[in-house]
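Asks: Going down the list, the sequences are from chains A and B.
Just so we're aligned, residue 12 is where the first sequence starts under our numbering, counting upward by one.
Just so we're aligned, residue 12 is where the second sequence starts under our numbering, counting upward by one.
These are calculated hints, taken from the structure and not from any lab test.
It is possible that some hints are incorrect.
Each pair may be met inside one copy or between any two copies, as identical chains are not told apart.
Stated by the list, open to error - Taking lysine-lysine and the DSSO-like style, the derived pairs with C-alpha atoms no more than 30 Å apart in a straight line are:
| id | residue 1 | residue 2 |
| --- | --- | --- |
| 1 | 320 | 70 |
| 2 | 183 | 40 |
| 3 | 183 | 441 |
| 4 | 91 | 414 |
| 5 | 140 | 113 |
| 6 | 463 | 50 |
| 7 | 30 | 459 |
| 8 | 91 | 107 |
Note that the structure is predicted; figures quoted are calculated from it, not measured.
Protein chains: 2
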Amino acid sequence: MEEKVIPYKIYLEENEMPKYWYNVKADMKKKPAPLLDPKTLKPITEDELSKVFCRELVKQELNETDRFIPIPQEILDFYKMYRPSPLVRAYCLEKKLGTPAKIYYKFEGNNTSGSHKLNSSIAQAYYAKQQGLKGVTTETGAGQWGTALSMACSYFGLDCKVYMVRSSYELKPFRREVMRTYGASVTPSPSMETKIGRQINEEYPGTTGSLGCAISEAVECASEREGYRYVLGSVLNQVLLHQTVIGLETKTALDKYGIKPDVIIGCAGGGSNLGGLISPFVGEQLRGENKYQFIAVEPESCPSLSRGKYVYDYCDTGRVCPLSKMYTLGSGFMPAATHAGGLRYHGMSATLSELYDQGIMEARTVKQTEVFAAAEEFARVEGILPAPESAHAIKVAIDEARKCIETGEEKTIVFGLTGTGYFDMMSYEKFHDGVMTDYIPTDAEIEKSLEKTPKWADPQSK
Amino acid sequence: MEEKVIPYKIYLEENEMPKYWYNVKADMKKKPAPLLDPKTLKPITEDELSKVFCRELVKQELNETDRFIPIPQEILDFYKMYRPSPLVRAYCLEKKLGTPAKIYYKFEGNNTSGSHKLNSSIAQAYYAKQQGLKGVTTETGAGQWGTALSMACSYFGLDCKVYMVRSSYELKPFRREVMRTYGASVTPSPSMETKIGRQINEEYPGTTGSLGCAISEAVECASEREGYRYVLGSVLNQVLLHQTVIGLETKTALDKYGIKPDVIIGCAGGGSNLGGLISPFVGEQLRGENKYQFIAVEPESCPSLSRGKYVYDYCDTGRVCPLSKMYTLGSGFMPAATHAGGLRYHGMSATLSELYDQGIMEARTVKQTEVFAAAEEFARVEGILPAPESAHAIKVAIDEARKCIETGEEKTIVFGLTGTGYFDMMSYEKFHDGVMTDYIPTDAEIEKSLEKTPKWADPQSK
Numbered sequence: 012m013e014e015k016v017i018p019y020k021i022y023l024e025e026n027e028m029p030k031y032w033y034n035v036k037a038d039m040k041k042k043p044a045p046l047l048d049p050k051t052l053k054p055i056t057e058d059e060l061s062k063v064f065c066r067e068l069v070k071q072e073l074n075e076t077d078r079f080i081p082i083p084q085e086i087l088d089f090y091k092m093y094r095p096s097p098l099v100r101a102y103c104l105e106k107k108l109g110t111p112a113k114i115y116y117k118f119e120g121n122n123t124s125g126s127h128k129l130n131s132s133i134a135q136a137y138y139a140k141q142q143g144l145k146g147v148t149t150e151t152g153a154g155q156w157g158t159a160l161s162m163a164c165s166y167f168g169l170d171c172k173v174y175m176v177r178s179s180y181e182l183k184p185f186r187r188e189v190m191r192t193y194g195a196s197v198t199p200s201p202s203m204e205t206k207i208g209r210q211i212n213e214e215y216p217g218t219t220g221s222l223g224c225a226i227s228e229a230v231e232c233a234s235e236r237e238g239y240r241y242v243l244g245s246v247l248n249q250v251l252l253h254q255t256v257i258g259l260e261t262k263t264a265l266d267k268y269g270i271k272p273d274v275i276i277g278c279a280g281g282g283s284n285l286g287g288l289i290s291p292f293v294g295e296q297l298r299g300e301n302k303y304q305f306i307a308v309e310p311e312s313c314p315s316l317s318r319g320k321y322v323y324d325y326c327d328t329g330r331v332c333p334l335s336k337m338y339t340l341g342s343g344f345m346p347a348a349t350h351a352g353g354l355r356y357h358g359m360s361a362t363l364s365e366l367y368d369q370g371i372m373e374a375r376t377v378k379q380t381e382v383f384a385a386a387e388e389f390a391r392v393e394g395i396l397p398a399p400e401s402a403h404a405i406k407v408a409i410d411e412a413r414k415c416i417e418t419g420e421e422k423t424i425v426f427g428l429t430g431t432g433y434f435d436m437m438s439y440e441k442f443h444d445g446v447m448t449d450y451i452p453t454d455a456e457i458e459k460s461l462e463k464t465p466k467w468a469d470p471q472s473k
Numbered sequence: 012m013e014e015k016v017i018p019y020k021i022y023l024e025e026n027e028m029p030k031y032w033y034n035v036k037a038d039m040k041k042k043p044a045p046l047l048d049p050k051t052l053k054p055i056t057e058d059e060l061s062k063v064f065c066r067e068l069v070k071q072e073l074n075e076t077d078r079f080i081p082i083p084q085e086i087l088d089f090y091k092m093y094r095p096s097p098l099v100r101a102y103c104l105e106k107k108l109g110t111p112a113k114i115y116y117k118f119e120g121n122n123t124s125g126s127h128k129l130n131s132s133i134a135q136a137y138y139a140k141q142q143g144l145k146g147v148t149t150e151t152g153a154g155q156w157g158t159a160l161s162m163a164c165s166y167f168g169l170d171c172k173v174y175m176v177r178s179s180y181e182l183k184p185f186r187r188e189v190m191r192t193y194g195a196s197v198t199p200s201p202s203m204e205t206k207i208g209r210q211i212n213e214e215y216p217g218t219t220g221s222l223g224c225a226i227s228e229a230v231e232c233a234s235e236r237e238g239y240r241y242v243l244g245s246v247l248n249q250v251l252l253h254q255t256v257i258g259l260e261t262k263t264a265l266d267k268y269g270i271k272p273d274v275i276i277g278c279a280g281g282g283s284n285l286g287g288l289i290s291p292f293v294g295e296q297l298r299g300e301n302k303y304q305f306i307a308v309e310p311e312s313c314p315s316l317s318r319g320k321y322v323y324d325y326c327d328t329g330r331v332c333p334l335s336k337m338y339t340l341g342s343g344f345m346p347a348a349t350h351a352g353g354l355r356y357h358g359m360s361a362t363l364s365e366l367y368d369q370g371i372m373e374a375r376t377v378k379q380t381e382v383f384a385a386a387e388e389f390a391r392v393e394g395i396l397p398a399p400e401s402a403h404a405i406k407v408a409i410d411e412a413r414k415c416i417e418t419g420e421e422k423t424i425v426f427g428l429t430g431t432g433y434f435d436m437m438s439y440e441k442f443h444d445g446v447m448t449d450y451i452p453t454d455a456e457i458e459k460s461l462e463k464t465p466k467w468a469d470p471q472s473k
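Next up, chain A with everything else stripped away, as it sits in the complex (with noise of 0.2 Å):
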């Protein structure tokens, strides 16, 4: 194919967005592992599930046969307020590591909630206001998925009820107002609103909070309610498949230009945007019609995939939530206070973890202070601050370009730019003030805390 001239951002007309999800699960041969109800131990059931998600979101989590799903016209024309998100080359920061590598990144921080989470949230609320709901329920720590939730619900008529960790209610009250701003309620929590918020508060009086108490209380908060469900922004098959329009419209953008990529990275959390931008491309490379790398970069602070074991476990710290089988650093792994916020979980989306099982995708740590050092290299030169979350990927595909130098490759690195910094800043300023510090957990660390995850629970234990 001739070369065409690429522009510095490829952006889809709106004839070529994607009208389909990609479910990479229906090309897997081995499939990730079935959630397990904690009770009985056996696959939990649509029934089962469907009394805490919203049913078609049920379907969409277990459905392991279609490949495409249809994305309802609603959510597409959600979708056109804010996407298609550009596709960037980085002839800046090319130019300034002087490598014959060329680098695209996928910059999903071009709406209010600054990240991709809202491509979900919009779904999630959709499918809530299908089925006749009133609203939903979640958790948030620094309020990205908040922020996404509130802005889906608003648009949708739906309520929303958010507990946000109080530490970061507190600390934090950008992202609370934002929420606010879209009508969201924000409760600090543990609150004395719900049962297990009122056990904690008594427990540990002056508690800030923690991610799995909220969820413990979102939950509640919904079960209780009527007509209201709860909603999860990363880890479920449900929000990497919402994900995958990053991945569809990244390769639809490149398919334009016949560009391959050789490497793909993003960073990974849960696994939402990894597995989102990834997915189409790892489809292929099922289905035998392409090869590339795939790589998944971790805080240093929290390796699930780097030193945690596949194994079944619980996805909240307060163990109300279904068994998964994930590379996991046990349940409750307290990981360092890093900055990197979306990152600091201690499981992975269970379809991430079968493919890195399977050899299909690999994984790297990074040092928080190396990775805000790459965000400030990337920033001065392509002018997008990102969130710290972020300048995970920017960190490996810098490392990577600067390999190309010593070998002279011409290697094509794709790599997922989530959101924006705008509310880190607070994490810049000890990066300038030379006090941010790196944590790396000890290997006594993270045994002890994998001791108590439930591996009788493991029918296919290897």
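Once you have looked at the hints, place chain B on chain A.
Replies: Just chain B now, kept in the frame of chain A:
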């Protein structure tokens, strides 16, 4: 022309983007009054101005004859990183309002500086670099302009020295950190680094500073340092010129779909965004090719056009800059501490002042509480969280669209959405908590402030 389907967002192709800025003064029969030297009261010369500003920028400042000024390739390259900005059809807002009006907004917030300011900062940094300067100095209040300038200087490897009003420096640390990320040196003003700073610190111990003082420090610093010049983010003709990229893109996008706007609306502080947006359309009107309604929206707390006088006045409270004939509330006018920091300027661009005086443009004032209500209404349906400044234009666009419901007119309304409100969440919080107030200056206050304007300086005085 056959009506095409209008996409949610119109993005121009790279080859459709403007290659020239448009100099509206060339089409004005009666030109804006010249800048005067405050000492001699004579029109200031190119050489005199070049002591403060870059030479090429001075040429642009004084140019009244060239209709088009070519945009240098290096600036075009930088523009590609974040331009074209989308022209968005506000389908969701129209539906929400139930208006027959068609609403479009040109969204300039999709870059890290969060506003249109980058359009001019990159041009000013380029000419500084081209002149062989080492660096530039400027002042910043809330930090929008300082951020834009630090990004531009980082790109061209220029030193960037920002005097930031001390109260903002301490209370709004986030923008300060963005500037530091881009390598700028940010000094709280008044500082002990300049004569004027030391003097003010001595006179008013513990003062938290003012924009006027920061300007004086920045100008002093530039004049004392070898290879430095002072740069400014609004008010000047050169800034309006660079900002015409907004209006030119808007016009190309509208023309592409055969759309003719009836009303064009922008918020007005110093006039950079509004002037940039409307100039190409004003030019058509001046040449008798078309007719539009132009509306400048001002905060009721700082109504330069609506309640000011058209006389020569100082551009800065420190009275170190040239005299400009403009609509002004008096250079000593202290606007209430409202939440649209970018609109708290006592004067107005000389060009816009002249257009207003000729009756080509009208002005409206709005209360900040109703501005925030409009911002929230907009955010909930259109997704974007607007800056308080930008929301002034939203408020009037909604007003105009609501009028169309009554009259049944299908007017096409275009407004400038200059930026995002991510760093303004404390203001939104005040609005949510119901503790935001409105402030309207009394006639006596304005008259008292205007008494001090140097009316004697106006050679063209009516």
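Asks: For residue 320 and residue 70, with the copy left unspecified, which applies at a CA distance of at most 30 Å: within, between, both, or neither?
Replies: within (28 Å within a copy, 67 Å between copies)
Asks: With identical chains treated as interchangeable, where does the CA-CA distance between residue 30 and residue 459 reach 30 Å or less: within a copy, between copies, both, or neither?
Replies: neither (46 Å within a copy, 63 Å between copies)
Asks: Is it within, between, both, or neither for residue 183 and residue 40, if the alpha carbons may be no more than 30 Å apart?
Replies: neither (44 Å within a copy, 53 Å between copies)
Asks: Go through the copies and call it for residue 183 and residue 441: within, between, both or neither, with a Cα cutoff of 30 Å.
Replies: both (15 Å within a copy, 16 Å between copies)
Asks: Give the relationship of residue 140 and residue 113 under a CA distance limit of 30 Å: within one copy only, between copies only, both, or neither.
Replies: For residue 140 and residue 113, only the inter-copy Cα distance (28 Å) is at most 30 Å; the intra-copy one is 43 Å.
Asks: Checking an output row: residue 463 and residue 50, CA cutoff 30 Å. Within, between, both or neither?
Replies: within (16 Å within a copy, 81 Å between copies)
Asks: Evaluate residue 91 and residue 107 at a C-alpha cut-off of 30 Å and name the case that applies: within, between, both or neither.
Replies: between (34 Å within a copy, 17 Å between copies)
Asks: At most 30 Å between CA atoms: does that hold for residue 91 and residue 414 within a copy, between copies, both, or neither?
Replies: Between copies only: 28 Å across chains, 38 Å inside a chain, cut-off 30 Å.
Hint check: violations occur at hints 2, 7; the rest are consistent with the structure.
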